[in-house]
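S.K.: Quick mapping for you: the protein sequence lines, in order, are chains A and B. Residues in the first sequence are numbered from 10 upward in steps of one, following the numbering used here. Residues in the second sequence are numbered from 10 upward in steps of one, following the numbering used here.
Be a bit skeptical, because a hint or two may be false.
Same chains, same label: a pair holds when it works inside one copy or across any pair of copies.
Here are the simulated SDA-like cross-link-like pairs (lysine to any residue), alpha carbons at most 25 Å apart as the crow flies [unchecked claim]:
#1 Lys66 to Cys145
#2 Lys41 to Cys145
#3 Lys129 to Val342
#4 Lys66 to Arg326
#5 Lys304 to Tyr134
#6 Lys12 to Arg332
#7 Lys375 to Ser407
#8 Lys41 to Pro80
#9 Lys41 to Ala95
#10 Lys246 to Arg135
#11 Lys364 to Val378
#12 Lys230 to Gln446
Hints in this document: simulated from the structure, not taken from any laboratory.
2 protein chains.
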Amino acid sequence: MAKVLTPRNEDFPRWYQDVVAKAELAENGPVKGQQVIRPTGFALWERMVSEMDDRIKDTGTENASFPLLIPQSYMQREAEHVEGFAPELWTVTHAGGKQLEEPVVVRPTSETVIGEYMAKWVQSYRDLPLLLNQWCNVMRYELRTRLFLRSSEFLWQEGHTAHATYEDAHAFTLRILHEVYADFMENVLALPVLTGLKTAAERFAGALNTFACEAMMRDGKALQMGTSHELGQNFAKAFDIQYLGSDGKQHHCWTTSWGTSTRMVGGLIMGHGDDSGLRVPPRLAPVQAYVMTVKAGDGVGEAAAALHAGLRDAGVRSRLDDRTDVPFGRRAVDAELKGYPVRIEVGPRDLAEGKAVLVRRVDGSKTPVGLDSVTEAVTQALEADQQALYDEALRFRSDNTTDVGTLAEAVEAAGTGFARLAWSECGLEGEAKAAEQGVTVRCLQRADGTVPDSDQEPDLVAVLARAY
Amino acid sequence: MAKVLTPRNEDFPRWYQDVVAKAELAENGPVKGQQVIRPTGFALWERMVSEMDDRIKDTGTENASFPLLIPQSYMQREAEHVEGFAPELWTVTHAGGKQLEEPVVVRPTSETVIGEYMAKWVQSYRDLPLLLNQWCNVMRYELRTRLFLRSSEFLWQEGHTAHATYEDAHAFTLRILHEVYADFMENVLALPVLTGLKTAAERFAGALNTFACEAMMRDGKALQMGTSHELGQNFAKAFDIQYLGSDGKQHHCWTTSWGTSTRMVGGLIMGHGDDSGLRVPPRLAPVQAYVMTVKAGDGVGEAAAALHAGLRDAGVRSRLDDRTDVPFGRRAVDAELKGYPVRIEVGPRDLAEGKAVLVRRVDGSKTPVGLDSVTEAVTQALEADQQALYDEALRFRSDNTTDVGTLAEAVEAAGTGFARLAWSECGLEGEAKAAEQGVTVRCLQRADGTVPDSDQEPDLVAVLARAY
Ligand SMILES: [Zn+2]
Ligand SMILES: [Zn+2]
């Protein structure tokens with residue numbers, strides 16, 4: 010059979026493009042840098058939204074919806090923020106056939122407009138913390154785009170919270186990082202992530218501190234999967250977000266913001282995919298079990314339908330493919346491309362022996378299973394393969410992470426993976442020098458891998474890598 | 010106690026504004042006509058999305074995501090479409106600090122861009138029907154706006170499908186109208202809706218036929234709650250959506266589109282609200298039961314928490330309000346404003362007798378209930394009150410619907426409700442004349458209330474009303 014995809018070790022970026030196209034995940038939109046997310050790709054995102062949204066709500070955060078368009082003047086109120094985002098803005102100048110009095114921008118992120126409303130809604134310490142989130146689209150002008158990874162428009166969630174104290178804001182920023190982001194990424198996406206602090210150079214425009222989750226892709230490069238920002242009182246001062254304390258005095262709030270996007274779909278592809286296509290972790294998978302008729306006749310259709318119904322009854326997200334007018338081989342290749350965790354192939358020969366074949370996407374193994382045991386076998390396979398994907402990704406990362414002693418060694422090691430270097434050996438100068446060679450500090454960690462409270466802590470370790 | 014809201018019979022539009030503000034549902038955005046949907050309002054929309062999305066998926070439709078920005082040239086390909094939408098467009102002219110080569114518009118609806126992709130994706134009859142939907146934001150320039158009802162940006166779902174035959178497209182348009190829209194509105198929103206055909210004057214720009222769901226608000230005016238359009242082959246021809254038939258020949262597809270929006274939140278408010286605020290039907294309600302401590306002490310907090318836990322275990326969406334530092338009266342007024350279907354008030358006096366008080370929002374009734382029976386009483390009340398709200402709305406509509414014989418009588422009757430007039434007595438001329446007095450034909454129905462296939466059927470009845 011001809012190769013459907015460019016092999017990864019031949020040309021990884023080309024392999025990625027092939028998977029996105031052939032698994033029918035997304036396409037370029039008609040306007041430069043925009044994307045069309047097709048049903049197969051969107052179903053992955055919907056499952057991400059559902060799992061993330063549960064975790065976000067568990068923190069007490071409520072969803073809301075803020076406008077797409079933001080007055081230019083809002084963007085300008087926080088000095089670093091406007092500087093960071095000015096080059097990326099899309100501007101609306103006309104509406105209803107007339108020129109607008111003040112140009113407005115399509116939100117690149119919503120700190121400013123949400124800040125304006127927080128200032129209205131927060132009056133007293135009783136109104137705090139104010140915990141908001143929205144799922145929406147944002148736009149940033151990008152010259153070089155890549156589907157899911159970097160596009161002019163993307164879908165995301167952006168959380169925005171206001172707190173009475175530094176301590177409360179700081180703790181919440183880290184709670185989102187660990188309990189929402191890292192928990193989702195490790196336990197649902199099956200991708201181990203490093204959590205750490207961004208350097209000043211990589212920080213969000215206007216933030217005191219940016220914390221991030223970084224995952225290793227199968228080419229050894231890093232992907233920033235999510236960020237959680239401590240904004241200090243910068244936005245509270247720019248937008249006058251104040252509260253009357255129990256001490257009878259006015260205080261500025263401490264705010265946070267945090268986001269994850271459709272970029273995670275790119276991370277899923279490059280974190281688990283192989284030369285046959287996507288491999289979707291069972292807990293995430295919109296289709297966990299794919300029941301296929303090999304060919305028509307001999308009760309095959311009925312048996313497949315019964316297995317499908319049994320799986321559904323057991324709470325498995327099953328899909329039935331009984332399109333016997335499409336060649337079986339083509340359908341099987343398509344199922345591999347789309348990364349369904351298990352396939353159940355129902356054909357006349359096995360059926361005559363009371364069996365169907367269980368094919369596991371993770372390792373390609375094919376096992377005949379008695380019809381009565383299919384549901385149980387599937388359930389067990391789904392659980393085991395969730396873990397197997399995580400273990401494999403963790404092993405890959407650890408095989409491709411090197412402790413180094415000098416910046417030169419770090420740049421060298423970042424050619425194939427992550428390099429861990431004492432931050433005192435790197436520093437701002439070393440960071441700038443590495444950047445000239447396409448290597449960046451992905452995050453700062455404590456020596457034990459935990460997240461530092463600030464980049465002023467002693468004995469920090471910098472993780473350097475090439476990144477998407 | 011001072012009235013919190015302007016009474017409905019004093020000034021209905023003012024009452025509506027009051028509810029939206031005081032129940033903390035939404036506010037105006039900083040850019041004219043845009044809206045901020047606050048958590049209480051957004052939770053209603055989230056529940057609508059969830060219930061609608063289930064029904065949409067049950068039809069075999071899959072979700073996807075298409076770009077926010079559409080090249081102006083796309084809008085121009087279908088003549089009636091561009092004419093209908095040109096005055097409402099928001100235009101982006103600059104990005105990344107430079108002028109764009111071709112101006113692009115913020116989508117007012119996505120027939121054109123989705124048409125472009127359908128043309129790529131549909132090759133043979135095997136690819137049909139192609140059933141797509143997206144949940145997204147759209148923008149239309151509006152001079153006079155009202156929160157939820159008419160705003161420059163709104164959230165909606167837009168379904169877009171392509172079919173091999175007229176019959177299949179026609180049937181699907183009506184399936185959406187009945188099985189998704191009317192079913193959701195009647196069984197979840199508890200709002201009876203008239204389903205019918207729009208006249209040529211009220212049709213979607215570029216459609217052959219527009220079918221609609223129309224509900225009566227408590228001021229007797231109509232609100233269009235959702236529309237389902239038969240687009241014939243107009244868009245298929247403009248965008249070259251063709252398929253190779255089983256006859257070996259190329260054919261143009263027949264397409265449909267259909268939408269519902271955050272406007273339904275406005276319908277919910279005006280369809281069920283009373284002088285104390287919102288009344289949310291239990292099946293929709295994000296908070297079905299609101300458990301309140303009347304004041305602290307005497308085991309009240311513990312009892313309330315236990316009742317809340319018991320309700321949650323029974324699958325009731327319960328919220329606990331134990332803020333004894335906020336006056337009880339203020340909390341109770343707020344609960345009425347927000348329309349929680351039932352409240353459980355837990356106070357020391359009732360508790361001493363082993364009871365709590367069940368307050369039903371629909372009729373304001375207060376009943377002491379033994380602690381052991383609370384869950385059962387709540388469950389029964391929720392079921393009964395879902396029906397009670399529907400019955401009340403249906404009675405109101407039927408009390409305010411008049412069969413009339415002349416256009417003059419119809420315009421008169423439309424002052425307080427719906428008028429039913431033979432379409433042959435009204436016609437295009439009568440429709441234009443009524444419009445001068447602010448009365449429009451909401452839909453055409455057959456004499457038995459069912460939906461006609463076209464406005465050419467004999468003996469049609471026109472329903473006339475003032476409308477939002
Ligand atoms: Zn201060
Ligand atoms: Zn044709």
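S.K.: For which of the previously enumerated hints does the structure constitute a violation, in increasing order of number?
M.R.: Hint 7 is the one this structure does not satisfy, whereas the remaining hints hold.
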